[in-house]
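What follows is the residue order along each chain.
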Amino acid sequence: MLNVTMIELTAYALQVLLIILAIAIVVHRNNGTIIILITSFSLVTASLYIINKAPDVAIAEVAIGSAIIPLIYVISISRQREFIVLDKAMDDFIISDNQFTGVGYILLKRFTDLYHLELNITNDARLCSLGAGRDQLLCEQTNVDLIITKDEETNTYILKGKKSSVLLQKLDSMAKDYDNIEVVQFKDRDFGD
Amino acid sequence: MTKHFIIIILLGVLLAVFTVAMQDIEVLYNTALKSYLIEGVIPRGFVETGSRNLVTAILLDYRLFDSLFEAGILLIAVSGIIWISKHDIEEKNAQFMYDKYKTPDLFVTFSRLVYPLMLTFGFYVIVNGHLSPGGGFQGGAIVASAILILYYIDHDKETNIGLIVTVEKFLYIAILLFASLSIFTRGTYFTNVFPPTASPDVQAIYLVILNIMIGFKVALGLWAIFTAFLKEGR
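Quick mapping for you: the protein sequence lines, in order, are chains G and Y.
When we follow our numbering, the leftmost residue of the first sequence carries the number 12, and every step to the right adds one.
When we follow our numbering, the leftmost residue of the second sequence carries the number 1273, and every step to the right adds one.
Rather than coming from a laboratory, the hints here were simulated on the basis of the structure.
Each hint should be verified, as a subset may be incorrect.
[Stated by the list, open to error] Here are the computed lysine to aspartate or glutamate pairs in the DMTMM-like style, where the Cα-Cα straight-line distance is at most 25 Å:
#1 G:Lys187 - G:Glu163
#2 Y:Lys1306 - G:Asp67
#3 Y:Lys1503 - G:Glu129
#4 Y:Lys1503 - G:Glu151
#5 G:Lys174 - G:Glu93
#6 G:Lys120 - G:Asp108
#7 Y:Lys1358 - G:Glu93
Modelling step: build the complete structure from the supplied sequences, incorporating the hints.
Following this line, the structure appears as C-alpha cells:
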C-alpha cells in the first residue's frame, strides 16, 4: 500500500518538475543552459515512462532526447558563435614568432571580442587552392566569413567579406587606422535557387 | 516580458486542451484497447509470434506495416536534411587550427573508455529486442550516439555521407523484401516468415534478423543526420 502511494507521489512530483522545466526552457536566455534543461526534461520524461510501465519508449527517449539532440544543438550553437577567417596569405600577418601576435590577429581579436564571437582561423589547403575569382562564391556557399589575401605589389593585406554582414562595416572603420590593411565588401547577389 | 507571458498563457491553454482530450483517451484506452490487448495479444502473443516482449510482437508482427512506414519516415527526413545542406563547392572536413584545443582532454579520455561499452550495450539491446525492453529503433539510436562520440575523439575523421545514405536506402529495400517473404509461406504480406505451426524459438529467428536490420538502418540514418550538421558548420 505504501509502495503504491510512494510511486504515485513520485509521479506527481515529476510532473510538476516537468512543467517547471518547460517554463524555464521558454524563459531562459543562455543557450548552454537551455541545452542542459532540454536534456533534463527528456530524462524526467523517460522516468515518467518507466513509472507508467513503458520501458521501450523510455529507452528511445533517453537515447534520442538526452544524447543525440543535445549533441546536435551543441554543434549548431558553437558553430554559430564562430567568426571563421580563411587565411590565404600564410605569412607573419597572423602568426609571428610561432605565436598569435601578428598585426592582423590583434586587429581581428579586438574585433571579435567586441561582438563576443569566437575567432577561428583556418588555412585549409583545399579551400586556399581555389582561385581568387571564386572568393565571392566561397563566401556565399561556405561558412567562411572573411578571406585574407595579400597584394604582393603594394604589400597590402586585403580582407574580403560579404557586404550584407553588418560586422564588416565595423571592421572597415576599425581597419582605417592601419595603412596596409584594406577591407573589400562583395556586392550582394541574387541567389539562383 | 509581455512576449514571455503570452507564451506561458498559450502553453497553459495547450495543457488544458490536452487534459480535456486525455479524458476521452482514457475511455478509449479502458474499453477498446484494453479488450484487444487482454483478449488478443497477451494470451496468444508469445505462441503466435515467438516474442516474450509483447511490444516487439505488435511492432514486428501484428502491426509490421505501420513500423515499416515509420522506418521510411526516417529515411525521408535524412534525405531532406542532406538535400538542404548540399553545397556546390567541395568544402568538407576543413582542418581548423583551433579545433584540437577545444575539447578538454578529460572528456576525450573518458569518451575512449565509454565508447566500446556503449557500442556493446547498443548491440545487446538490438539482438535482445524480442526478450527484453528495446528493439531495433532503440538499439540503433544507442549505437548512433556511440558513433557520434568518435567525432569528439578524432577531429580529422573523414566520413563519406553519400555512402552512408546509399547503404541505408538499400537496407530499407532489403527490410521491405524480407518482410514480404511471408507471402510464400503464410500467404499474407508483412508477418512472420515461418509457418504458424513452428515453435516460438524458431519464429524468434525472424524477429532477431528484422531487429538487426532495422537497428543498422536507424543507426546509419542518425549518423547521416549528425554528419550533415557537423559539415554544415564547417
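Tell me if the straight-line CA distance from Lys1358 of chain Y to Glu93 of chain G falls inside 25 Å.
Roughly 21 Å between the alpha carbons, so the hint for Lys1358 of chain Y and Glu93 of chain G holds.
Satisfaction of hint between Glu151 of chain G and Lys1503 of chain Y, Cα-Cα up to 25 Å:
15 Å, holds
Has the given pair, Lys1306 of chain Y with Asp67 of chain G, been kept, meaning a C-alpha gap of at most 25 Å?
19 Å, holds
Does the alpha-carbon distance linking Lys174 of chain G and Glu93 of chain G stay inside the 25 Å limit?
18 Å, holds
Under the criterion that the straight-line Cα-Cα distance not exceed 25 Å, is the pair Lys1503 of chain Y, Glu129 of chain G satisfied?
18 Å, holds
Do the alpha carbons of Lys120 of chain G and Asp108 of chain G lie within 25 Å of each other, as the hint requires?
Distance ~18 Å between Lys120 of chain G and Asp108 of chain G Cα, so the pair holds.
Given pair status - Glu163 of chain G, Lys187 of chain G, alpha carbons within 25 Å
20 Å, holds
Of the numbered hints given earlier, the model fails none.
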